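2 protein chains.
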Amino acid sequence: MKDPTVTDTQTVPVPDIDLLVGSRMTRRQGVTAPLGFRAAGIAAGIKANGKPDLALVFNEGPDLAASAVFTRNQVKAAPVLWSQKVIENRSLRAVILNSGGANACTGPEGFQDTHATAEAVASTLSSWGTETGPVEVAVCSTGLIGERLPMDKVLAGVTEIVHEMGGGLEGGTDAAYAIMTTDTVPKQVALHHTGGWNVGGMAKGAGMLAPSLATMLVVLTTDAKVSAESVDLALRRATARTFDRLDVDGSISTNDTVLLLSSGASQIEVSQAELDAAVFAVCDDLAGQLQNDAEGVTKRIAITVTGAATEDDALVIARSVARDSLVKTALFGSDPNWGRVLAAIGAAPVTIDPDRITVSFNGSPICRNGTGVPGARDVDLSGDRIEVVADLGLGNAEATIRTTDLSHAYVEENSAYSS
Amino acid sequence: MKDPTVTDTQTVPVPDIDLLVGSRMTRRQGVTAPLGFRAAGIAAGIKANGKPDLALVFNEGPDLAASAVFTRNQVKAAPVLWSQKVIENRSLRAVILNSGGANACTGPEGFQDTHATAEAVASTLSSWGTETGPVEVAVCSTGLIGERLPMDKVLAGVTEIVHEMGGGLEGGTDAAYAIMTTDTVPKQVALHHTGGWNVGGMAKGAGMLAPSLATMLVVLTTDAKVSAESVDLALRRATARTFDRLDVDGSISTNDTVLLLSSGASQIEVSQAELDAAVFAVCDDLAGQLQNDAEGVTKRIAITVTGAATEDDALVIARSVARDSLVKTALFGSDPNWGRVLAAIGAAPVTIDPDRITVSFNGSPICRNGTGVPGARDVDLSGDRIEVVADLGLGNAEATIRTTDLSHAYVEENSAYSS
Chain Z
1 MKDPTVTDTQ
11 TVPVPDIDLL
21 VGSRMTRRQG
31 VTAPLGFRAA
41 GIAAGIKANG
51 KPDLALVFNE
61 GPDLAASAVF
71 TRNQVKAAPV
81 LWSQKVIENR
91 SLRAVILNSG
101 GANACTGPEG
111 FQDTHATAEA
121 VASTLSSWGT
131 ETGPVEVAVC
141 STGLIGERLP
151 MDKVLAGVTE
161 IVHEMGGGLE
171 GGTDAAYAIM
181 TTDTVPKQVA
191 LHHTGGWNVG
201 GMAKGAGMLA
211 PSLATMLVVL
221 TTDAKVSAES
231 VDLALRRATA
241 RTFDRLDVDG
251 SISTNDTVLL
261 LSSGASQIEV
271 SQAELDAAVF
281 AVCDDLAGQL
291 QNDAEGVTKR
301 IAITVTGAAT
311 EDDALVIARS
321 VARDSLVKTA
331 LFGSDPNWGR
341 VLAAIGAAPV
351 TIDPDRITVS
361 FNGSPICRNG
371 TGVPGARDVD
381 LSGDRIEVVA
391 DLGLGNAEAT
401 IRTTDLSHAY
411 VEENSAYSS
Chain F
420 MKDPTVTDTQ
430 TVPVPDIDLL
440 VGSRMTRRQG
450 VTAPLGFRAA
460 GIAAGIKANG
470 KPDLALVFNE
480 GPDLAASAVF
490 TRNQVKAAPV
500 LWSQKVIENR
510 SLRAVILNSG
520 GANACTGPEG
530 FQDTHATAEA
540 VASTLSSWGT
550 ETGPVEVAVC
560 STGLIGERLP
570 MDKVLAGVTE
580 IVHEMGGGLE
590 GGTDAAYAIM
600 TTDTVPKQVA
610 LHHTGGWNVG
620 GMAKGAGMLA
630 PSLATMLVVL
640 TTDAKVSAES
650 VDLALRRATA
660 RTFDRLDVDG
670 SISTNDTVLL
680 LSSGASQIEV
690 SQAELDAAVF
700 AVCDDLAGQL
710 QNDAEGVTKR
720 IAITVTGAAT
730 EDDALVIARS
740 VARDSLVKTA
750 LFGSDPNWGR
760 VLAAIGAAPV
770 TIDPDRITVS
780 FNGSPICRNG
790 TGVPGARDVD
800 LSGDRIEVVA
810 DLGLGNAEAT
820 IRTTDLSHAY
830 VEENSAYSS
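In order, the protein sequence lines correspond to chains Z and F.
At position 65 of the first sequence the residue is numbered 65 (the working numbering), and the sequence of numbers has no breaks.
So the mapping is simple: the working numbering equals the position in the second sequence, first residue as 1, plus 419.
No lab work stands behind these hints: they were computed from the structure.
Note that the coordinates shown come from a computational prediction; the quantities given were computed from them, not determined experimentally.
Ideal Cβ placement from N, Cα and C applies to all residues, glycine included.
Computed list of chain Z residues with no C-beta within reach of chain F, every gap over 10 Å:
#1 12
#2 14
#3 43
#4 89
#5 126
#6 134
#7 160
#8 166
#9 196
#10 228
DEER-style ranges, computed between Cβ atoms:
#11 50(Z) with 787(F): 29 to 37 Å
#12 13(Z) with 787(F): 42 to 50 Å
#13 788(F) with 151(Z): 18 to 26 Å
#14 470(F) with 387(Z): 35 to 43 Å
#15 112(Z) with 802(F): 35 to 43 Å
Among the chain F residues that face chain Z by a calculated CB cut under 10 Å, a handful are:
#16 526
#17 529
#18 563
#19 790
#20 833
Could you put the whole structure together from the sequences, leaning on the hints where they help?
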């Protein structure tokens with residue numbers, strides 16, 4: 001079986017972001033920036049500390065087109081198994097999300113809990129006048145693996161949150177707060193296209209962050225008038241080049257889900273290329289926000305591999321460097337220990353020529369043709385952003401992985417998460 | 420290309436260690452425990468701090484049979500390239516080893532330095548009465564990648580160390596000290612067989628420790644009367660089941676080398692099975708010593724995967740768990756966060772059935788058929804040894820990877836190694 005973290009990206013076109021000239025990006029509103037969407041976030045008591053833990057995103061229509069990508073981890077949480085099933089119809093009315101528990105490794109009872117949650121959302125929405133079936137409701141959960149959810153609190157919360165949502169049009173920010181776990185800030189973005197349509201989104205995720213075809217919990221919305229096929233294409237193309245190229249700790253979550261819902265409420269028809277560019281821009285921004293707020297981060301690092309024979313080769317090698325504990329600890333220490341980059345490249349399952357590798361840190365060449373250059377150890381890495389570029393000298397393909405350093409704070413946070 | 424860290428072990432027989440009943444293991448003498456070997460270790464000035472940094476192991480014969488396994492990292496240090504070449508003859512008179520510099524990524528000049536070192540050892544030995552060619556001298560280096568060695572000090576040290584070796588028969592311990600880098604203790608072992616023959620060994624290695632077909636620097640010696648083919652078989656069989664199953668940080672060194680030299684000086688003929696068992700026992704002990712002294716270690720962890728379809732599957736999954744930063748930080752915190760073990764298993768590139776996985780920590784079941792059992796979070800992991808056993812429920816094959824936790828000390832040590 002193929003490494004599930006490696007995806008074939010050769011057929012994914014590079015988005016033409018020039019199509020967005022004049023458009024405006026904001027970090028407010030998020031999923032409720034596009035017309036036709038409502039959202040809410042409340043504290044339902046799922047988290048012991050009383051913080052917000054339940055979010056709802058509701059599509060008023062007229063369209064209900066939707067697509068999703070999910071974790072490739074073979075151990076999938078109950079809400080992932082449920083949402084994979086309902087998304088087959090390519091149509092969603094709502095997404096219910098909870099933090100405070102992943103509902104993963106919870107057996108058939110955990111799946112029944114997810115089903116019951118979708119049923120409760122559907123019946124509550126129906127009683128408020130929007131006829132909804134449970135198969136129109138996606139479910140996402142995040143938090144500790146292996147614990148059942150407190151279903152009394154979840155179900156009471158569902159009634160409350162539908163009521164809450166009815167009160168206003170701009171609950172996007174509340175929803176973004178309610179899906180946070182170890183995140184320190186909510187992550188939202190909205191793209192307002194000059195043509196009069198919008199794409200919005202929110203995300204959570206700070207650890208167990210090595211998305212595989214999908215990532216973390218992300219809900220994207222648009223009011224563009226587009227087909228379900230177009231929604232699906234735009235989502236897959238965007239995630240392959242954004243979330244799939246973020247790798248904080250090499251650990252692939254059991255709950256990763258990215259959803260894109262379109263309401264068509266702007267009544268503006270948008271081409272595939274325009275939608276691709278806009279969804280990519282929104283995903284790229286959210287991926288950057290996730291990297292900025294990653295667990296224990298002190299350095300935001302971009303590992304770029306150029307001169308590869310194929311884009312997949314470049315990705316595999318960039319990921320090998322991004323996951324190397326010795327590279328990550330050296331960069332935490334602002335130490336230009338480039339030999340560790342070479343060792344990580346040489347250990348990757350891609351054939352390379354050691355004598356052709358050229359590496360630079362923050363634009364300064366530190367190794368040429370596999371051999372160190374004078375002054376290599378004097379490069380200043382004290383800032384909070386580091387760019388590592390490795391050229392293989394084998395071809396013209398390239399790829400970038402975004403990662404972070406391995407710090408004391410990462411160890412501290414993750415040695416005391418469940419207890 | 421296949422993951423270079425994954426080796427086909429299906430054909431490696433399990434050694435019959437019952438053949439060693441009555442034999443005695445010690446942690447003294449090391450490479451000079453077998454008859455026919457001399458060794459020495461000195462401070463040649465390669466390390467700035469004045470600690471011992473040059474070691475020599477000399478085979479007096481009558482036999483000169485030798486074998487070696489090397490790192491599978493594609494970026495190979497100059498001494499690895501040299502030793503790979505000379506070992507083709509399956510005959511070695513001596514091994515010269517230095518700490519204080521890896522001589523990796525040093526270009527053609529670095530290779531010339533290795534060649535010159537072998538030449539100097541050969542000519543000095545010849546002038547002392549043992550006619551030796553440079554192709555009979557293996558070279559090993561360890562330390563920072565990317566710096567040339569101070570060849571004036573290396574060559575002066577070679578003259579001194581040959582002289583030093585002439586003075587006594589038991590320089591094994593001095594040699595073991597001279598190859599240390601971040602190691603805190605020297606690693607030596609000797610097996611004294613009841614049949615009157617011996618196997619000895621020494622090792623260094625504390626970080627960048629994820630051996631691939633070979634590991635770190637290890638020199639093994641025996642005075643058994645065995646063929647070069649037998650030496651080669653015994654070494655490959657032993658390393659596949661010992662050093663290859665040690666994985667401290669997933670980082671594969673550019674310099675890993677394991678050598679086995681036989682002098683035949685005991686004049687005792689030994690069967691392949693006996694040699695296999697003895698070399699395995701010595702390698703197994705040294706691998707345990709490496710684990711005990713790994714960088715930043717506070718917990719010695721064994722990850723065992725049982726119930727796999729094949730031994731390779733078991734190894735790949737055990738390695739996936741052993742390399743997972745979230746598993747390693749949780750265990751550092753004595754936190755039985757078993758969901759992270761499940762997530763790491765599900766992320767491995769081997770097909771599994773999540774609903775059949777059973778996991779125990781220190782003998783206490785914490786997850787059965789993919790679902791947590793009551794009391795799972797109460798397991799006591801406060802001791803300094805942790806056993807994780809995951810049964811896949813798919814077959815009868817199993818494998819164990821030895822690893823360590825991810826601690827503050829690991830981050831501290833590795834964020835300030837080169838600077």
